[in-house]
Amino acid sequence: MAAYPGQMNVQPPPYYPVGVQPYPSGPPQYENVRSPYYVPPQPVQPPPYVAHERRRPPPKSSRCVWCGSCTGVILAILAILGIAVWLGLKYGPSVYNAITNSQPGSSSDNSGQYTPYTPDTCPSNVTYCNGVLECSQGSDELGCVVFGNNNELLVKYYKTQTYLPVCAASWSNSYSQTICSLLGFNGINSSSSITDQPASFLTVAPGRSNINIQGDVSSSSNCPGQAFVSLQCSNCGRQMQSQSRIIGGTQAPLGKWPWQASLHYSGSPTCGGSIVSPTIIISAAHCFYSNMYDPTQWKVYVGTVNQNNLPPPIYVSRIIINSQYDSNSHDNDVAILILQTSISYTNNIQPVCLPTSSQTFSANMNCWTTGFGTTQYQAQQGSTYLMQVSVNIINYNVCNGPSVYNGVLTSNMICAGNLNGKVDSCQGDSGGPLVCYVNQSWYLAGITSWGRACALANSPGVYTNVANFLPWIYSVMEAQTPKWKNVMASAGIQAG
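Using full-length UniProt numbering, the letters of the sequence shown correspond one by one to residues 1 to 496.
Hints are computed from structural coordinates only; laboratory data are not their basis. Careful, some of the hints might be misleading.
[What the hints assert, rightly or not] Cross-link-like lysine-lysine pairs, in silico, DSS-like; alpha carbons within 30 Å at most:
hint, residue 1, residue 2
1, K483, K299
2, K299, K256
3, K256, K483
4, K299, K485
5, K485, K159
[Unchecked claim] Distance windows between CB atoms, simulated:
hint, residue 1, residue 2, range
6, S490, N308, 30 to 36 Å
7, T160, N366, 34 to 40 Å
8, A363, I493, 42 to 48 Å
Beta carbons are placed, not taken as given, at the ideal position from N, Cα and C, and that holds for glycine.
Using the sequences and the hints, build the whole thing.
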């Protein structure tokens, strides 16, 4: 019997706080998805601020990884430190918190003052995922679809607020097309049925009338043949180079990791990312800290393994940061880049698979991490070539134990590497993928987040646990699609 996300208390928007089940003891429990936080396309520049003391070392990315010598920058920082401290203590924390926590977005006007967008508002008796738009920005009907084991379709049932499988009886290809289109995928990779024995499930209501599948399903006790819908929207996780067995790593051949993206800020390689759809890149929230949140300053490069031989860039339309991101603990360290133009897939450019809602990556499982980061600790320049390194998933309790990270991990983090050191992702790899090979496909298990130095003993890399963020990821993807904007327009709502 497949495992399905359970019920949690309904909370009004904005935003989806990730599940609280400790990794790796089963699938996360999903709360309601909340409306995304949009980084302003024309941001204001906040005054300097003094950050709170971190409970752990800073994230692995570094602005100076590709800047050559940082001496000049350091001297400049020292020169203005006194002023910065004063301004930071007086103004900084409140401004920074406003920028990182405002819902659902922020902007600036001619006066240069920070102006938050009007947040999504919902009636007190809102019902999530019933096919009826009740909130002002429609967030009550986002994130209502996820995928379970064997790509089993799971739809959130409005009466129980739980994700349930859908009986294949009365299912048609048009439903599959609608779901994939709403999630921003180009067509359907496969739509079939699988045999399952769930305790509860849904059936498609006759005479379909809603564009959102959650409005067309009802609870049932009978499913002919116990056949349930299995849907895969993307032909993802395909590696065009044969698998072979960073620090302790090797150069990656072109096409080996075709979902790898290189994110450049103001012309310099800064972070990594992963392609999940033609217009969506997943990265780490901490890559866009301080004044690095202006999408016009970012360029995305895909299909390359050489920083000296870059293809034409892809420009960024929006940066969406999980509003629960904590810059001190690095909890919820995930962000999504919306691209201005769609990526064209080739042998060297392919999407990675998102994990399923019930998927876990067990201790000692062999996975891979990639990036253009430094190849030795405290190096001042990143690697010219894409590096790859094989790492093992480390038991959560061991990694969070007294000899390693001593309780600072949250349930939204996973560890990978070698407790003896020698292999690790490093500075500049932040936001890049940790991928694991399961059933002939590569899955995005983690996002490179933070660590203690690089490749030291008892200091493995720490990654954002992607499976905990699936409803949020799918809600962001859905909210960007033309089909969703048409849904909003038909309801007389102006999409944000």
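**OP:** Go through the numbered hints given earlier and state which of them the structure violates, listing their numbers in rising order.
**Re:** Of the numbered hints given earlier, those the structure breaks are 3 and 6, listed in rising order.
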